[in-house]
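Colleague: Chain by chain, the residues:
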Amino acid sequence: MHAFVTQFWPSTIDGLTIGSIYGLIALGYTLVYGVLRLINFAHSEVFMVGTFASLFTLHGLGITHAETGFALVGVLILMGLAGMAGSGITAVVLERVAYRPLRKRGSSRLAALISAIGASFFLQEVFALRYGRDLLSFPPLMNKTVLFHIGSGQVRADKVLVVVAALVMALALDRFVNGSRLGRGVRATAQDPDTAVLMGVNIDRIVMITFLVGGMMAGVAAMLYGNYFELTQYNVGFLLGIKAFTAAVLGGIGNIRGALLGGLTLGLIENYGGSVFGAQWKDVIAFTVLVLVLMVRPTGLLGEKLTRARA
Amino acid sequence: MLLEIADLQVHYGKIEAIKGLSLQVDEGEIVTLIGSNGAGKTTTLKTISGLRRPTAGSIVFDGQDITKLAGHRRVQLGLCQAPEGRGIFPGMTVLENLEMGAYIRGKPPAADLDRAFSLFPRLAERRRQQGGTLSGGEQQMLAIGRALMAHPKLLLLDEPSMGLAPLIVTQIFAILREINNSGTTILLVEQNASSALQLSDRAYLLETGRVVMSGAAHDLLYEPAVRDAYLGAAPQPEERTDTS
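Taken in order, these protein sequences are the chains called A and B.
Residues 497 to 807 (my numbering) are what the first sequence spells out, left to right.
Residues 42 to 285 (my numbering) are what the second sequence spells out, left to right.
Check each hint, because a few of them may be wrong.
Selected chain B positions facing chain A (in silico; Cβ < 7 Å) [to be verified]:
#1 Ser90
#2 Leu92
#3 His113
#4 Val116
#5 Pro124
#6 Phe130
#7 Gly132
#8 Met141
#9 Tyr144
#10 Gly147
Where chain B lies over chain A, by a calculated footprint (3+ residues, C-beta under 8 Å) [stated by the list, open to error]:
#11 679-691
#12 694-707
Calculated from the structure, these hints are not laboratory results.
Backbone N, C-alpha and C fix where the C-beta goes; we use that ideal spot for every residue, glycine too.
Okay, chain A solo, but in the shape it has when bound (with noise of 0.2 Å):
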């Protein structure tokens, strides 16, 4: 227990750092499962192309050596539009692609997990043939300074930037739900799907903006990933994804609130476990999590909000 304490403010920091990457990649899971019932596997993948768009992007620039200023600012925002141009457009192309047949065919929700799952190894085996199946770098572009201290922990800018970046999409994303007209007909198909056809809501539009938002959530998430660890690789997306799915089964799957919080939630906890036992226990701790959860408190923290709470 002396770990955790001495290692509290910097594991507080970790925690929410990752957390916040979670909580970005779960608002994907989460969107999707609250209009179609579908836990849409592939969304790993969809992070993956978020990261080589990222690191693309940086090549394209010409990017050899940290930034800073205008600059810097410049090159992370064209960074995040890859981003999200990058995992949008892999997730709309997805959705035509692997689901859309399945679902105007009225298949089994089964299909759909098993078409999920065959199009994550399409676009992994692509990109690992394409790109090699070795760990690619990013060039540095940001200096990691160290802006204050709190307790032993640094807090690091670029950590900064994760979570600060997550907040302004998580709530851009909680503005748009809520507040505009697509965004009330995302509500209407996640809670009643014929109702919303007899309002004049076109389901097969919204199934397209559900996936577009969420993918570019994960594009962004991608964008602070690749600045964060500079490293990306064909399979990055797999362990991500599974954390990522984790937070959102924690946050409630369904439930927009419950994704942020989950993920944040889940950063904290595999960073203060690990502490404890030791970092090689992370994952073991952030699973462990999932079936607690799933056997004690299936509906998550928030429960299912998006959609009527069916607990």
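Dock chain B against chain A, hints included.
Modeller: Coordinates of chain B only, in the frame set by chain A:
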């Protein structure tokens, strides 16, 4: 002719639910489909609003063949349904539910909301309340009010009296009369045959997916076959166990 259905057939898998049904609705009318559970009333309405695909036959609305048109496009033409079981969005407030009714037009003008609230003052009192927490009668009022937000030429109503106390049914039917008087054509599906026939201009009697009788509602009300099967000898409509 506002709505003309010719020789409609609808299948659920291999089971034929609608077996060659034809009906017409004229502008300004109130028309009722009556019949017992499983006669195909709800399926007919769902097919008109595009939730079910017919296997044969045609649906012409306002001079346009809509047989193959997607459901959400039919709303834009002026066809709007308050569905069976009311279909209130449980996680939206009364106000948001009403706004969903005007989804195709964006944000509804205040005048439309005022009209809904003046037809159903109860909804104004509960405008900030979640739809899922309303009573059955209030949900039915909300379903009708919401359907009107789209300014339909034809309002389709599926069992508006279902599960409601007789007093509320009387209230709702009076409001339907008012809605019709202000120019909206109504096609009604009802098990509560006596109330429905008193309200309507014309009626069709459905049995196992076919029209077995049709005519002026007043005539059907006094038709011996209808009286025996749907009005007289049978238990009062309010007491029927209703699962359709």
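Colleague: Let me make sure I understand: some of the numbered hints might not hold for this structure. Which ones are they, in numerical order?
Modeller: none
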